[in-house]
Every structure is written in structure tokens, then in C-alpha cells.
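Visitor: Chain A is fixed; fit chain B onto it per the hints.
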Amino acid sequence: MNIKDALTILRGRPAGAKPFTALLACGFTPLHLSTLLNAHLQLALPDRHVAVRSGTYGNLIGSIRAFDANTDHALCVTIEYQDLDPRLGLRESRRWSPALANDIVANARARLAQLLEAVVTAARDLPVVVAGPAMPIAPAFHAPPPRLSAARAAIDLELASFRARLTSEGRVVVLDQEHLGRGVDVAAYDPRSDLHTGFPYSVPFADRLAAALATGVAPQSPKKGIITDLDDTMWAGLVGEVGAEAVSWELATKTHHHALYQATLGSLLDEGALVAIASKNTASVAQAALARSDFGIDTQKIYPQEIHWEPKSSSVRRILAAWNIGADAVVFIDDSDYELAEVRAAFPQIECVKFPTHDPAAAVELLWRLRAWFGKSRVSEEDRIRAASIRDAAAFEQERTAAGGSMEFLASLGATVEFDFDAAAHDPRVLELINKTNQFNLNGTRYTAADWQRANERPGAIVASVAYTDKFGPLGKIAAFSGRVVADRLELDTWVLSCRAFARNIEHQCLRTLFAAYPAVEEIRLAYAATSKNAPLRAFLESIGVEFATGTVCVTRTSFAAHATALSHTVNFRVTQA
Amino acid sequence: MSDTRERLLGCFGLVFDGMSESEILAASPATNDRWDSIAALTLVNVIEDEFQVQVDFDRVGDLDSFAKILDYVNELVEQNR
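Going line by line, the protein sequences match chains A and B. All the letters of the first sequence, read from the start, carry residue numbers 1 to 578 under the working numbering. All the letters of the second sequence, read from the start, carry residue numbers 579 to 659 under the working numbering.
Only chain B is shown next, with the shape it has when bound in the complex:
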């Protein structure tokens, strides 16, 4: 589980270059100007590559925090097992 968290932090770090871990954990589209629709879709692609999963585009709008995305990625990884 912690491995998934670390890898997801890496994905966020790539998309939001320069953001610290604490900033990533607190970030949301509402509080961070850089988290726009393009960044969200880039993040989706990086996550899909990193975890070899396919994100449901219908869920992208709800994935508005690191914690929610971590839960969703864990769910997808479980489904793939």
C-alpha cells in the first residue's frame, strides 16, 4: 500500500513539478491554479502508465485530491490482480 502511495506521489511530482509532499497532500483543483483540466488529464495518463491501469474518464471530475486518487488507484490495482 505504501509503495502505491510513494509511486503516486512520484506521479504528482512529475505533473506538478516543484510541489512538496505536504503541498501535494493538501492540493485540490480549487486551491491550486496549476491543477487545471490539462494537468488532470496529464496526471491520468501518467497514472495509467505507472500502474498499468485504465482510468474511467467519468470519474476524473471526482478525483480532486491526492487521497481520493490514492483510493481509486488502489481500487484499480486490486481489480487488476
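Only chain A is shown next, with the shape it has when bound in the complex:
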């Protein structure tokens, strides 16, 4: 994106939309970074009217402290060496001397301590993204390059410690400067612009930085599942031709990039991604290779495994049904152009990626793309159990179907539903669930962290998470709702239930527990809005007699009692707000 593109995007901002303001704190003239950040944020938040405001030139810490928790929605901080000591930048430097080196290091240490305090304080009230330094350090120290000077090493050590402290803060996103510079032939620093205008970055780098800052403020939902081929993808060679022992993924045969692919898939599995196999092979032959002791993934976690000679689009269809997720949340990886085209034709929304069997450099690049698609800022308990719970769900569904969905079957599950009204407002899993659930979602509203915090600070606000476990195993926190109590009415703004938890009457239990937890509430008013995907929620509401014709969608205590279904869950709930 160049400045012209950015200005064109900003001209198209939706008039009258809910405002979203980001504070850009930097010690230099924000100039094009401000414009580009504004445009990238506008693209990330198309329903908002995004504005970027900046602080005072030359006063990074003061600019950070100037955040306004009532009007700002995010804080973006870009740190340069000159913010640690003016003598480390080119614009403000007047004198360098070996005698000043210790003073510069001490100054940098003190400024970083102040920066840490300012950023951590701001992060209590709004999301914070921190970047930098991107500019080169000034030639202030005596060591001949590329030899590292002791002063420079000491400053970098302080910076590393500063970054480590910030990454341990849940709400601070720290950008990896090395990654920002990867794969682009762009100099970050523009000395001409810095010395003439006070803006230090080249426009292409400012664009890359702005995009990264915007992603930190408004991250896109990660993809959920990977469907992978086996031959010449998971390993090198055709297992049906050479046998299980001869397919390879090691340095000696120059096929180690397949081992790295296995390691990445294994890691993503442990972080909550779903991994399935779609391979044209004889199942027993492929299974022999998957069972090798040096295979990099616990194959029990790969589910489903579609290994046969049917078209891959059929395999993909069954995998999507087992996972119960949309095609747009899935990446399909195969070395065959034919297979990629066949799957792409059947599922245009799937991201179809060719595995670069004979190009290790491209394979390593693919690993980074997978991290970008599936990476997450934290790994929750739900992430750790997701693969197992999907597999258990298949067993659940088999038994349920065999039992005809009877009440006796549900009663036999020994299910426990746990409602937590105490900690949910600050539980990142709740916001994650609300922002990624589609099918059972009251209105599809996505929240930024700042909006979510403000909604939960309103008088009478309630938030709850719902966790579920039964004889098939725990599903973790699979539902959440939020709203506020106004006199004898509960206004429910959000309500989501993970598709993994359907068919267990948890939605009924949610309403029953709400009426039980708030005995003064006579009516639950639902902020329902139809989306392209939330028909399951509407179907449930219709099943309990909710009318949609009147404009106000609500469930009264009386009507819910009239439509109540028998529930066999054991219910635990923690509530102090009622």
C-alpha cells in the first residue's frame, strides 16, 4: 500500500459508523506511518470509522501516558534508539565520545524502565502493540563495524529484557523486528526523510510496519484445520511404490524439510489446530509409514484419516463434516496440482497450497505461512483438548444416533455443566469464543478487546462462560454470554455455543441457569440479528416458542417454563453478581 492507496481507503470510511481510535505513540514525526496505520486498521475494521491520533514529537513516554481509556481503543508504540537516548539517533545527535558511552547506556536503561512502566500501565486499560527499533543505531561507539561494541551489546541486552517483560504481559503484543524485515528488499531507514522531515522510515517499510501494528490491534481469526496429503508432502516418496521404510524425512536424503513440516503440524495440533489426512493410498500401506517410530506427530491426534482411492474432494467433504467447521477456516496442502484443482473446484473457500516437495527454501517459507494462519497469542486448555474432543464427538454422535437421540441417552452421559459468572469478563477464552463462533451466535458481533472491556464495565453487566464434560471427556469452555440486568429484564448482547457442543441441551441449560441465577428477571431480551451462518441459533429459539415477527426477540420466564425440556446435567455455577 502506498500513501495514495491509504488516502483512497480513508476517503471510503463509513460515515456515521462507530468510532475506533488508535493512539500512535512514537518519538518521531508520525507522518506517513499514521496515514498507513489508519488505512490498515480501516481495512481490518471495515464496520468502524477508524482514526489515528498521535502524541507529542520527541516525547515517546509522554505520548504513551497521554492515552485516554474512555476514547482510545488501542495503543501502538514504535520505539527507536533515539527514544532511549537522543545520541543514538541521527537527528538529535551533536556529540559522540568514548567518554559518553557509559552515560548513554545508563540513560537507555533508565528510559526503558520508564517505558516499561508506561506501557504496562496503559495495557491495563487497552490493547497495546509495541514495535521497534527498526532504524540503525547511530555510529556513536568506537568499535569498527561489523565488530560489536560493548555499549551497543549492553543496550541490546536491556532491549531484549524489556521485550521479554512485555511479552509476559497478556495484553501487550510485541512485534518481531527480524520478521518484519524478512523477505523484503526494503530498507527500513530513509536518512533523507529523517533528516529533512523527521520521519525516519521508507514508505514501503512504514507500510509493512503499519500492517503489522494493525494486525496486532485487530488480529484476524486464525484458521482452524489443515488437511494434508501424505506422499511427497508429509514425507518424500510414494509409499505405495517404495514401502513404508523407504519414504524419507531426514537430512541424509535431503528430505529434512518434510520432518520440519511434520514438526510444525505436530506443534499446531498441540496448539489447538485440527489436522486431517486426505491421501490416495492403500490404507494399510500408508498406516505402516505413519506408525514408524521416527514419525514426528502423534498419529492418534490426526483425525479424520481419509486414506483410500476416492476423489480428495469426497475426503475433504467428510473431514469438514466431522470437524463441523466452514471451508473458509481450512487449509488443504498437497504436492499435486491436479488434487489442488479438484479440491479448489469443490470448495472454493478452502486455502489450497502446493507443498514444494523439491524446494526446501519454499517449504520453510510454507512453515511460516502456517504459523501466520494458525498462530495464536495464547494456548488455552480448550486448544489442548480440541483434537481429542472432536474425535470423542464422533463416538458421541454414533451412540446418539444409535439411541435415536433419546432423553435416556442424554441422561446416561453423566454430564456436568459449569457456569462461571466471576472470572469470565477477564477470561481471554470468552472473547476468543465470541469472536470465532458462527453457527450458534446471537448476532455475529465481533468485539475488540477495548470494546469488550467497556461493555462489561456497564452498570448491571453480566458475563459468563460455560464449560461442559461428560463420559466422553471434557469439551472445555464451549459457551459464553454477556449482557446486563436492567430492573426485571436481562438484555443479552452476546450468546455463543461452540458447534462441538451441539445436541447436548446446553443451550436450554444456559437459559434455565440464567433464570435461576437472576430470580428478579422476568424476561430475557435477546439482541438477535440474522447472519449468513446462525440459523442453528434461530432454530433453537423457535423450538422454545420465541416469536421473531414483533421486532423484539425475548424469552419470558413463563414461556420458557412452558417450553422447558427435561435436563439431566449436573450444574455448578459461581455467581457473585446476582
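What the hints contain is simulated information worked out from the structure, not anything from laboratory work. This structure is a prediction, so every number in the text was calculated from the model and none was measured. No residue lacks a Cβ here, since even glycine has one placed at the ideal position from N, Cα and C. Certain hints may be false.
Claimed, not checked - Derived list of chain A stretches under chain B, where covered just means 3 residues or more per stretch with a C-beta under 8 Å from a C-beta of chain B:
no. : stretch
1   : 5–14
2   : 27–38
3   : 452–460
As the list claims (entries may be wrong) - Some but not every residue of chain B turned toward chain A, in silico, with C-beta under 8 Å:
no. : residue
4   : Val593
5   : Asp595
6   : Met597
7   : Ser598
8   : Glu599
9   : Glu601
10  : Trp613
11  : Ile616
12  : Thr620
13  : Val624
14  : Val631
Guide: For chain B alone, kept in the frame of chain A given last:
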């Protein structure tokens, strides 16, 4: 020549969103609050992208009207030929 004028009007329109052609032709930093140093540098960048030229920062202070900027852009475009 008129093509350069039209393209330059487009650059002004992007930087000074909502300004009419007659307002652009009459504008200067002295008469328009929006034409501050940041807008001037943004305009320089948009012009550099649009015309694939490099503006001399020393000249930016003198470029205080549409007519002066048009003359300067024509000069740069000629030099690039």
C-alpha cells in the same frame, strides 16, 4: 499538459478530501488550515508516487499554491524524459 493538471488535481483531492476544484486552485497554506506541514509532506509523497518523480525537500516551502506545484511537477516530468 492538461493530463498533468488533472492528475495533480487528483492528488490534491486525495490529500484535501472534499475540497472542490475551485477551492484547490485558490488554496494556499496561509488561507487553508488543513494545508499544514504534514499535509504538505503527504502531498509531496502522493505526487512522487503519481508522477514517479522525486521532489526536492528544499523546494517544499516555496510550493504554496496549486499553480506553483503544477509548474514544478511539469519541470520534474520534463527532466525525467
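Visitor: Each hint should be assessed against the structure and marked as holding or not.
Guide: Consistency of the hints with the structure:
1. 5–14: holds (count 4)
2. 27–38: holds (count 4)
3. 452–460: violated (count 0)
4. Val593: Since the shortest Cβ distance to chain A is 6 Å, the answer is holds.
5. Asp595: Hint on Asp595(B): holds, closest Cβ of chain A at ~5 Å, below 8 Å.
6. Met597: Status violated, d = 12 Å.
7. Ser598: 15 Å, violated
8. Glu599: 16 Å, violated
9. Glu601: At 16 Å from the nearest chain A Cβ, Glu601(B) fails the 8 Å test, so the hint is violated.
10. Trp613: 15 Å, violated
11. Ile616: Nearest chain A Cβ about 6 Å off; hint holds.
12. Thr620: 6 Å, holds
13. Val624: At about 5 Å, which falls below the 8 Å cut-off, the nearest Cβ of chain A leaves the hint on Val624(B) intact, so it holds.
14. Val631: With a closest approach of 14 Å, the Val631(B) hint is violated.
The structure fails to meet hints 3, 6, 7, 8, 9, 10 and 14 from the earlier list, while all remaining hints are met.
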